[in-house]
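*Asks:* Same order as they appear, the protein sequences are chains A and B.
Just so you know, we're using our numbering here: the first sequence kicks off at -18 and counts up by one.
Just so you know, we're using our numbering here: the second sequence kicks off at 2 and counts up by one.
In case anyone wonders, no lab produced these hints; they're calculated from the structure.
Be careful, since some hints might not be right.
As a list, the in silico DSBU-like pairs of lysine-lysine whose alpha-carbon atoms are at most 30 Å apart [to be verified]: (1) B:K318 with A:K237; (2) A:K237 with B:K964; (3) A:K180 with B:K318; (4) B:K33 with A:K304.
Small disclaimer: the values here were computed from a predicted structure and weren't measured.
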Amino acid sequence: MKKIILNILVSLFVGASTFAQTPQPAKPQSEAILLKGGIAHLGNGKVIENSLIGFDNGKLTLVADATRTKIDVAGYKEIDIHGQHVYPGFILPNSQVGIEEVSSIRAMDDYAEVGEMKPNVRSLVAYNTDSKIPPTLRYNGVLIVETTPTGGRISGTSSVMNMDGWNWEDAALKEDIGVHLNWPNRMSRRFDFATFSSKREPNKKYDEQVKELDAFFLDALSYAGLSNKERNLKLEAMGGLFSGEKTLFIHAGGAKEIVESVKFAQGHGVKKVVILSGDEALDAATFLAENKIPVILPPTHQLPDNTDIDVYEPFKMPYLLTKAGVTVALSHEGMLANARNLAFYAGSAAAYGLSKEEAIQLVTLNAAKALGIDAIVGSLEEGKHATLFVSKGDALDMMSNDLSYAFINGKQIVLDNAQQALYHRYEEKYKEE
Amino acid sequence: MKRFLLVSCIIVATSFMSRAQETFPRNDVRDKREGAYALTNGTIVVDYQTTMPNATLLIRDGKIERVGSGVSIPDGYTIIDLKGNYVYPSIIDPYSNYGLPKPERGQGGFRFSGQEQIQSKTKGAYNGNEAIKSEYSAADNFTVDAKEAKSLRESGFGAVVTFNPDGLARGTSALVTLDESSDNNVLLNPKASANYSFTKGSSKQLYPISTMGFIALLRQTYLDAKWYGVLNPRPFEDISLEHWIKSQSLPQFFDTKGWMEVLRADKLGDEFGVQYIIKGGGDEYQRINDVKATGAQLIIPVNYPDAYDVDDPLEAKEVSLEDMKHWELAPTNAAVLEKNGITFAFTAMGLKSEKEFLPNIRKAIEDGLSEQTALKAITYTPAAMVKATDRLGSLSQGKIASFIITSKPIFDEKSSILENWVQGHRYEFKPLDTKDYAGKYDLKIGSDSYKMEVSGEPGSQSAKIVVNDTTDIKLKTKFDKNLIEVSFTPEKEKGLVRLTGWTDSKGWSGKGQLINGTWVDWSANRTGDVEEKEKKGRPEKEELKPEMGSVIYPFVAHGNLQVPQQETILIKNGRLWTNEADGIIEETDILLKDGKIAQIGKNISAPGARVIDAKGKQVTSGIIDEHSHIAASSINDLATNSSMVRIGDVIDPTDEHIYTSLSGGVTAVQILHGSANPIGGQSALVKMRWGASPEGMKIKGADGFIKFALGENVKRTYNSSSIRFPQTRMGVEQVYVDAFSSAVEYEKKWNAFNSLSKKAKATAIAPRRDLAMETMDEIINGKRFITCHSYVQSEINMLMHVAEQFHFRVNTFTHILEGYKVADKMKEHGVGASTFSDWWDYKWEVRYAIPYNAAILHDAGVTVAINSDDAEMGRRLNQEAAKTIKYGGMSQEEAWKMVTLNPAKLLHLDSHMGSLKVGKDADVVIWSDNPLSIYAKAETTIVDGVVYYDIKEDAKKNEWIEKERARLIQEMKAMKKEGGPTQKPRGIKRGDFHCDDLTVDLNTLNN
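Please put together the full structure from these sequences, using the hints given.
*Replies:* Structural data, given as structure tokens:
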């Protein structure tokens, strides 16, 4: 046995330089950089066809139209990106990046703790900067992720991570941003062995489940106010919701659930609420717009929920909600490795109603707003983090998404990863043959 | 009244005892009674075609002696005056489980975890598969169930065919009457039919687990029985097969859940020269032409769905259009069958209570079924189905005296069943002469006078005191043959006035007690008739019935009101991606005619053709998905070698994913078996013909393919307590070598037999036919081609070696995510690759999958397709192809071929599909943009020159769906308002509903 382990170790070290390891974390920005001549998609809906994007010490120092103003660009190291596109780093909300590796292997998963109410559980501390997945997301322009615990009624507390760093402290963009709540469903699914089919039927426990939440939130609110108390980790973790430091992310399965859960949160003193929901959000769109609740949607690359719906509805959802006045962001569901297609989910939204710039917002500024980080990232604006990338073509289209540069906090990151290494290895092998 | 019934029951019961079998011991003197009755003065419906008004029926000793008008009544016959009531042959249910023990409930043998049961656990010399229960004899297990018999008789039934609802082969049924005399007496035919089904029942054995497995097992059992039947002496005993063989001469009943399974059952029967009588599902109207074409007689349930409670518009979204439409149209099913000349019988199976049986048949009559056919379907036809018309189903001379007496014609809504006679035994429910008390009365109670009115149908009449034009006092009354009880609360008083009395010449009189306890005499003298008031509120039925919706094809939202037809289509000035030497050609016309590409060129003119202006658009051949699991009712079976199962047996043309696929430009797919076993089932190659029949979906003349699978799924990685062989990649190789070696031996045996002289053959016994081995031989002999689910390089290498050892080539490796590591070997072997564009890391064996796989394999000279394995991705395959440009720098044309021409090559369809070339199939898509772009939409999708998808028509369909839903919702609300039963909306995700859901669950094994 020992021998086997030794062999494995040896092979790991031997292969390390080529592909077994994730790319080396980048060094801090050492000189001011100017991206010159690119088509800049600012992430706030605006576009500069011939842009000057400068950044220093990890922050954007210049976002300007090269044709309109005379600007002193001395002191910048210039990179000519004429004909290429610049985007703020794409942001992936509600993901298990860093805490899920190979989902089918239990030892490699750290996203779902046992229990029902576990706001105290923090994804931050389990975030693995050596995961093989982030490099493949970066390769397509995803530079910021929310890493989110799952399962139970309250799954835990999420954090926002930069997709570069030696360790989680290093990678954290904003720690402990919010608590994720899985709101009970009015309809529940039951598997019936007699007929060997699953049935959706009214959830008889709905009221009871809401009551449990009510009690928990009341206790948490009380705990936040008490001065003399025994420490309770669960209630303590809820504290930020009432002070506005944290956001309550509510995963809700139907229009009624959306309305009820938002009113519940508001009634319990929660300051910031975000809804995660599918096409049901459409039936509550006016309510969401009035209450200024951002919505994080599942991928547009989905099938309609049932046979009677417009076949294009998943593609149209971002447009329909945006039109109703809702701030919309996109997320990923299912096989984590596929989260690298986030840009294309936005592309489909552009094919079905949104303008391209609006579609970009879904994965940049809107996502930043939903995560409460729009003051520092999410758009190309002076003073914000220099977290951005350059693509040779339209990054929302798989045909042309082709990154030439990417920066996180001004640090130029390595885009190639183990997959490119394997590609080149076998390309070489067959060339030699 | 109740007491009277009880007494009569006791009397009846006593007289039964005297009719015990002669062979039985006796504990009294002989007490034989003749049972001679003359029923006169009624309308006697002798059979569904013959009605005799004012006729007489003579019965004696349980048989009908004579029937007719003017029949003289011999002396000594007990005369029963029918008083104008109606007599019908009693109802026969050909599909019942009456009087049999309930079978154990199984879970279809499927468990999410735990050990598999590979072998049968039935004790005794029975079949190797627990689901083959041909040895079961209903007659051996039957006993009279008095409670159930009573309830059936009250609903008009006199006899049933009863079977055990357990297993795929369910043994034989028995024809029994609903008399209670004795088990021996009521059992009319101990072998009435042999029964089969697509429901596995109590068996916990692993195989089969899917409908296609059920079909495969039944098919193999037919073959086994044929082989076993001629073995002499039998080398081993199989009691199940013995019974199977014996029961072939009986009527063969097949249980199904609806039209799709009706077609499947019939197709299975056709293979073995068996015409089943098929129990349908009540939805046959949805595909009536195909059902008619089976030529099968049907047994039809009348369990129409309740209306849905759609008060809440959001909750109503849970109900699909399909379910709403079925709610509306289900009662028309029988009328549609009649119109199409299909012989059918009704069954009460599936109803919550037999009491709903006649009312639901009346609904069918309201919706167009003729009364004559309805009567036939509950009397003659069920008797004929079990060859019992000589005894049951009519009231002619010599038949068993089983009949019902009704107050009005049987299908009259107000008709009630007064008596039910079974085998000459009388069961009474209501008196034959219910008095009609309707009228106006002067009611005198002591010194008080009231005006009283009695109204309603005799037998259920009610009375009230009329105070003035607007005020009535309701009376609580109980009318009996001679007696009456009345109680009421007079105006402005508390308490009850209670009266009891009897009929007299003027009306009633009797004794009563006032509220204060004073005893009084009372009388009610009839003074005249109640005037017919104008009927308020409920209008006549005819007015009430709004126009019904139409059947759509397929019967699911986005189905077609008119089945689309082939057209001559001229697509002008498009940018054509030919996939041929011409490459992409700008502003060119393409003419589609007779389902083929007729011409490609500039300025084509085609008078009469439908012209589509494609200027600024791009035109391609349709997308072909080499790896799909849509449009089938089941995907996985679980035998290690499942090569005998066929996806082609379970095509589901109603799967909405056919439509979503069309919306993504897909025109053909290979429906592959799942990856639960090293040797999976045979695939089906279909085109996306939305609205076609299951057989109509198939690509005629296509080569046969089969799914193999390697790696984590087949070694049962996800069930830690699995015991199924194999559990390692080492074992997987052995499965293959064993299967092919056995097939070689099998072929040798058959070759030896086939080479015998005619004379020698006549006396020799043919080897057993084994459908799995035959499939293996097809592979070895190049008549069937492998698509193998594969991931890591070791196993890919292994299978190529196995194939080479048996001198054939693997056709395609599917998934093949580590194919890039053995691209040179694959090229050398001559195998193609069908892969995901960018999937990886969802399990250990795909840890080193890279999105450059397609490009590397392509560069190495392997034919590469990009597939979906997923209905969602299936409609975006154009985008998946585009990823090979991003990962590996493929040219646009080569990328496009990966979802069109290359899969056509891998499926051996490239001679008539996969490119825009004159003579090839007119499977054409018009795109709004470069088809590889994320912004491209498939605007028109044409299959065989038929426009199956059009983006504008789609928008219209969406509007129609909303309108149709709104119409049905209003109707359901009207129904609820009238007090009709409703059910709560349930989920509408269809995939979650079907009985083969296992398939859905096991789809997790497909990646």
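*Asks:* Regarding the pair A:K237 and B:K964, is the alpha-carbon distance no greater than 30 Å?
*Replies:* holds (24 Å)
*Asks:* Has the given pair, B:K318 with A:K237, been kept, meaning a C-alpha gap of at most 30 Å?
*Replies:* Roughly 13 Å between the alpha carbons, so the hint for B:K318 and A:K237 holds.
*Asks:* With the threshold set at 30 Å, check whether the alpha-carbon distance from A:K180 to B:K318 stays at or below it.
*Replies:* Roughly 15 Å between the alpha carbons, so the hint for A:K180 and B:K318 holds.
*Asks:* Checking one constraint from the list: CA of B:K33 to CA of A:K304, max 30 Å. Satisfied?
*Replies:* violated (89 Å)
The structure does not agree with numbered hint 4 stated previously, though it agrees with all others.
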